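Visitor: Each chain, written out:
2 protein chains.
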Amino acid sequence: MIKVQFAARPERWDTYQAPLREAFAKAGLQVDLRQDHAPAEVDYVIYAPNSDLQDFTGYTACKAVLSLWAGVEKITGNTTLTQPLCRMVDPGLTAGMVEWVTGHVLRYHLDIDRSLKTQDRWDPVVPPLAQERPVTVLGLGALGAACATALAQLGFPVTGWSRSAKCIPGITCEYGDAGFARALQQAQILILLLPDTPATHNTLDAKTLSLLPKGARIINPGRGPLIEDAALLAALDSSHLAHATLDVFRQEPLPQEHPFWAHPQITVTPHIAAETRPLTASQMIVQNIQRGETGLPLLNQVNRDLGY
Amino acid sequence: MIKVQFAARPERWDTYQAPLREAFAKAGLQVDLRQDHAPAEVDYVIYAPNSDLQDFTGYTACKAVLSLWAGVEKITGNTTLTQPLCRMVDPGLTAGMVEWVTGHVLRYHLDIDRSLKTQDRWDPVVPPLAQERPVTVLGLGALGAACATALAQLGFPVTGWSRSAKCIPGITCEYGDAGFARALQQAQILILLLPDTPATHNTLDAKTLSLLPKGARIINPGRGPLIEDAALLAALDSSHLAHATLDVFRQEPLPQEHPFWAHPQITVTPHIAAETRPLTASQMIVQNIQRGETGLPLLNQVNRDLGY
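As given, the protein sequences belong to chains A and B, one line each in that order. Per the working numbering, the first sequence starts with residue 1, numbered consecutively. Per the working numbering, the second sequence starts with residue 309, numbered consecutively.
You can trust all of the hints, since none of them are fake.
In silico contact screen, one side only, chain B against chain A (beta carbon under 7 Å); selected entries:
| no. | residue |
| --- | --- |
| 1 | A403 |
| 2 | G404 |
| 3 | G411 |
| 4 | L418 |
| 5 | I420 |
| 6 | P432 |
| 7 | V434 |
| 8 | L437 |
| 9 | A438 |
| 10 | G463 |
| 11 | P561 |
| 12 | V576 |
| 13 | P578 |
| 14 | I580 |
List of simulated lysine-lysine pairs, DSS-like, C-alpha gap at most 30 Å:
| no. | chain 1 | residue 1 | chain 2 | residue 2 |
| --- | --- | --- | --- | --- |
| 15 | A | K63 | A | K3 |
| 16 | A | K117 | B | K425 |
| 17 | A | K166 | A | K214 |
| 18 | B | K311 | B | K371 |
| 19 | A | K214 | B | K425 |
| 20 | B | K334 | B | K371 |
| 21 | B | K522 | A | K117 |
| 22 | A | K63 | A | K74 |
| 23 | A | K3 | A | K74 |
Simulated DEER-style distance windows between Cβ atoms:
| no. | chain 1 | residue 1 | chain 2 | residue 2 | range |
| --- | --- | --- | --- | --- | --- |
| 24 | B | Q325 | A | E257 | 54 to 60 Å |
| 25 | B | D613 | A | H240 | 53 to 59 Å |
| 26 | B | Q325 | A | Q153 | 30 to 36 Å |
| 27 | A | S239 | B | Q461 | 33 to 39 Å |
| 28 | A | Q290 | B | A335 | 58 to 64 Å |
| 29 | A | H240 | B | V434 | 30 to 36 Å |
| 30 | A | D123 | B | K382 | 20 to 26 Å |
| 31 | B | L587 | A | D305 | 48 to 54 Å |
| 32 | B | K522 | A | D305 | 52 to 58 Å |
| 33 | B | Q338 | A | V125 | 37 to 43 Å |
The set of hints was computed from the structure by calculation and includes no laboratory data. Remember, predicted model here, so these are calculated numbers, not experimental data. Glycine included, every Cβ here is placed at the ideal spot set by N, Cα and C.
Modelling step: build the complete structure from the supplied sequences, incorporating the hints.
Guide: See the structure below:
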């Protein structure tokens, strides 16, 4: 009998219990799934960092901690957590992110805001074709690669950038410091999908924002600290940037007094771009436990040195 | 020397002359391209129905009339035009239509209007996945099929309907009267891409609109007469329909006094969804003249009985 502890907020337990049990049954795994095992007996922990479980010292037999969240920056700082840690890569989350990013890229590309605001006259402005609109995706992990590929399929010339070299069909892949400037210099629309690590903090600051072409627009469904707030506001106010759509923030919920709320060139959305979906996330967790039990390497394991 | 007459508004001549001459040269065709040939000597007419040329009786040697427009309803009523008539199927126009339709489908799917309007509070509403959002495309010609395919690639369950049976991979294809009700009954988002013929007038009237599920949204980048204006307004006012985005109208520009302009559940766009692009359209025209000269059947020839 495999002992699995579910450690997340109570409302998550309500949502996840049924799909997890169903996925365990389908996989033919005999599992004792609970919120309250004795720590030393636990084989796997299904984990959200806002649960009560913060001290992993007693979990001496634990083979893996399986995060319900895609971003693990709130977990990797936990020094008691020495067990193998896996990020959530949920196909439902990826699909939702691709839809959200594609929708906002097309909103910018077609200037849908203008259509909605200026409904007072017949004044045709035909947008260029996607093939004339270079788009750049910073970060080519599971989410960035999926978004880049979907945008390329719609005809956008897509450049992707990642810390280390990657190769994705149909995408111009840049990497490292040298590639970073090239990736930004032609981006009419820039999408941020980098992980939140010390190295990615303030990826967009006054200096790097100045590399973007005049009139560029930014979409950040990644993490708040990727952008230096004051530098973004300055770039918008000087009209160097045309607009920003932000789904993530340094502090969430975004405080009411934050200047992003009222800025005419900023759209704030309340961290809705990527949501883990219980059905598909449960299947991923069960798949990883099955791999652990049969001696296969775990999927999406976090590299503690890199932080993701 | 092939004699080609260009019959469209003067500003079109300015736009099309260079790309047409270039495409003729590339195809190795010796062409005398002008606006003013002697009618009896003309081999081909490149045509827009708002040009001065309305009487085709003298064009006795003309092998084909090649429309610059995708919709030919303003041409097929011309009884002097007995020559083979070809519609414009421009890959640039198709790409632009796919981008416009996909953008507005995602706008509805993600409820982007709500994000833009309610930027005053942190109130997360996560949209469903595309796979939970059935979309129907009425009309499976070149444009409808391309839009249906792009939407299916994004994960939407897409139903397509056409007058006669069609088969498109990844699309649930319905046809005829029996299939029409099925195509409408589950459409959360309905896209109109039917041709403008007497048979398609008022495709959406009070009766057919009532087949749509409550809260459905409509996108019409096809032709104005496909919808009975008063029935659409009534369905929106009764909250049976949630919203409509209209790019085409019975009268264009849409008259200032028309109730569509001020309606809170209607977005009016000024016929910008599909625009013929000179570069790609010129290549299509030259390809058809080349086919005509080498005895191959013309592409996209209009069936006068059906009207498209």
